[in-house]
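*Asks:* Each chain, written out:
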Amino acid sequence: MSLLRNLAHGLRALFRKQRLESEMNEELGAYLDAAVRDNVRSGMSPEESLRAARVKMGSVEAVKEDIRSAGWESALETVWQDLRYALRMLRKNPGFTAVAVLTLALGIGANTAIFSVINAVMLRMLPVEHPEQLVQVAFQGKHSAASFIGQSFSYPQFTELREHNQVFADMSAFDYWTTFDARLAGSGGSGETMKAQLVSANIFSLLGVNAVIGRTFAPDEDNGAGAHPVAVISYALWTRVFARETGALGRKITIADTPFTIIGVAPAHFSGVNPGLACDLWIPVSMQPQVNPNDSLTDIDTHWLTLMARLKPGVSTEQARAGLDVVYQQIQRQEDISGFSDQERRDFFSHRIVLLPAARGTDYLRNEFSRPLFLLMAMVALLLLIACANVANLLLARASVRHAEIAVRLALGAGRPRLMRQLLTESTLLALIGGALGVLVAYWGSPLLVILMSHRRNQVALDVHPDLGVLGFTFLTALITGIAFGLAPALRATRITASPGTRQVTATRGGRRLGGVLVVAQVALSLVMVIGAGLLVRTFHNLEASDPGFNRQGVLLFWLDPSKAGYKDERASQLREEVFERIRQIPGVRSASFSFLTPISGGGWDNVARSVEGYTPYPGEDMEIYLNAVGPRFFEALGTPLLLGRDFGPQDGPSSPWVVLINQTMARRFFGQRSPIGKHFELGPWSGKQGIEIIGVVGDAKYMSLRESAPPTAYLYIPQLPQAMKPGGVTFEVSSGVAPMSLVPQVRSLLQGMDSRLGASDFKTLAEQVDDSLSREKMMSTLSAFFGILALLLACIGLYGVTSYGVARRTSEIGIRMALGAEQRGILRMVLSEALVLAVIGVAIGLPSAWAATRSIASMLYGLKPTDPLTIIAATLLMTAVAVFAGYLPARRAIRVDPMVALRYE
Amino acid sequence: MSKQTELVQGTLDMLILKTLALEPLHGYGIGVRIEQISKGVFRVNAGSLFPAFRRLERAGWIKPEWRATENNRRAKYYSLTARGRKELGASTEEWTRQTAAIARILEAS
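Protein chains in written order, with this note's numbering: chain C, 395 to 1300; chain U, 28 to 136.
The hints are simulated quantities; they were obtained by calculation from the structure and are not laboratory data. Every residue, glycine too, gets a C-beta built ideally from N, C-alpha and C. Some hints could be false.
Unchecked claim - Which bits of chain U does chain C cover? Going by a derived footprint, with three or more residues having C-beta under 8 Å, they are:
1. 49 to 63
2. 101 to 108
3. 121 to 134
With the hints as constraints, model all of the structure from the sequences given.
*Replies:* Now the structure itself:
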């Protein structure tokens, strides 16, 4: 096979140079000899023959060189030669190399860091068997006019779907939304908190994940509520807490006062099917009653489970979808919809199964972060471009220094492509070294980015270690970068006509222009980044400072569920009231209350308002309102003003007519300018025949997020709710003038004093909760500011470089001017204007580019438009100031030029 | 004396193979033979021949062997391998086909 032979020959040529050299000499010698013989035979004298033969053959060395280049190994050798030369050049100029490498490391590193996160969030497949066969079962439905994708099912729905389908190899369920705090048994209240997730017993077999030690769940561990307190722990937990001892099996972990026995350890790198949510352990869904009484294994209407299934081989996604839909429709028909209105009935039966690809796990994190991450990627790409321009300028400056060397090489016969290859090797080597350092930068930077993405409620745990894909990306980026910034300088450097002997190094006019173009590009790109950063920073600030309609500061929140301590029904209500009264007695507490939901908590309760007195909806109108159930003095505690009517009071008890407080938006929506006091409406069959009476109007308070304005909201009174509707646990709000968290010990001891079994959990301040909802904006604000400053810095350096080089070049000119009487001011102006002109052109190009670019982030902004004049003007002024600063130092140097010295310097 | 014509690489390879089809030769001999048979139209110098030898050797079409020349000098004698013979046949056929087609095109008015 000629390929192998080619390879073998080439290798032999590389490693047996001496032998081949002597062989070639011998063969060529024989050739010459034969030629001479021939010439002699044809009548020439011996000396003539030799000369003629030699002339005909040409230079022996040239022939040998031709022979050598006929093999692939010669190309390899030249590359190797180029590399060694490049390394030597870089070593000889440590200053230049250091600056270039650092700049590149920053630029490439930032790109790699963001890419690692993108890789972990969006690209990486789950570490399970055949992830491409996995799908998430969801349904598409209509809610009035809008369609939505529902991802939660009830347990009976899950079992029905699983048992009666023909299209899936298996289906499993897990609770995505709730994780539980778990503690090592016997560690008392101390010891670290771990996260547990409820999963159906077959999830590990469905995923094809086997235990490293011990076992995963057995199929029968799905049956029997509360009968199987077993747990599978993650590899990370096993390492962290148990130091990878096999003795971890059989140890107990407590969740909600129930001990679970560890039966197995999951493999390394497996952290569940939810990217970003790092579970420490998994427990069977049959244990739900013990750990999470709010959900249910039996109620068909409690939708809390996410479903994941594996397609049978040979079944397409569409076939599976259709097959499952048939089963789903049958289940739907079995549900009790007696209380539904016609519209709701229509909506309900419009639900259809959809299958979402689940090869990369559930998509919550992706949806949350894909836009910000892409935006960040665009920013660091811009940053890299700016950094490349800087390095290119450095190379240009160096090229003019190497003018003589290149001229000599050209004169000696080096081809231009060959020289360019050499120069490109240098720049690529620079870029690769920068890239290698960049991987280090990313190694530290990506975890930082993940921390910025997290917040207390939703700790994002991502495995961002650089894997092969990330390294490949870095390598490719470095390669392209090296060629990008090296090409133009290489072209320019080799364009010089050979004219060695000039002592003064003058840059060609074209070289100067290229440098100027690069700086202008830098300024333009930096301006775009600064404007973008300004918009994002101001967005965050606007959100932070916006009035949410309630007191953010000074409010402590905690979760109390009396049923965990054995209190049920009546006694639970009484306990709540008692806690409420006692807490108000704590010194420093201004007001307190409790409620089902708190603002910006990530949860919501919506319903449809019906039969609103005095309001006729048009057909198909969306009558959706949001609800909350609150205790006494709720609005006082949260600082939401009462605008009309009265607050809830002792006269509103379980047997009194239902009353409700609505917010201003709801009042305006349904009643316009008229007073809604005394009007009634209904919320469904459970609100009774006479409906609910409106007794007051409160100010608008933001509900789901700070960005959206307050929706129409109605507040029910917890003491009035029927037992079945009463929430098991409520969140208490405590408003005070002191730091909220300082009240925690007092609250704890108060509860302990009332009943030692009572435990409150999830202590946090309302301010923290609201801040958590802004974590994305905060991340974007912080990072874009950081990158914007970096970009400014790079542009400043670029301007400084070009101006300083200009001054150095024009030293004699400046000397002449000064000798001829030019004032210092004139020289200053001359130099500064060089920098300013470049900056102004850059700004002129940057402004329309920014206008085009920022349009894409319009949806991420709050309180300002992408064309916000204040931001744009501020950014432009900042850039101008930077340009002046960059030009100032070289300008000062120019003034201090001694004319006599300058004139003598040729 | 007819003009000296430049030889394209692939054509040179074919001519060398043809030359060796008759008998094994060393480098100079091949060059001379080509010149002779083409009646001086093609004069190939060392700078083209020897790289061609290396290529052909790597492709497995010719096989070198050190032998003594008439002057008792050591030289590499190249001979055609079986695969080389096959390649010669194939490229000759291809060449004939192409030249016939070109001739047809040129003759058509």
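*Asks:* Now tell me if each hint is right for this structure.
*Replies:* We went through each hint and held it up to the structure:
Here's how the segment 49 to 63 of chain U fares: 5 of its residues keep a CB closer than 8 Å to some CB of chain C, so the rule of at least three is met and the hint holds. For a cut-off of 8 Å, the count of residues in the segment 101 to 108 of chain U with a CB near a CB of chain C stands at 3, and the three-residue condition holds. Look at the segment 121 to 134 of chain U against chain C: 0 of its residues bring a Cβ nearer than 8 Å to a Cβ of that chain, fewer than three, so the hint is violated.
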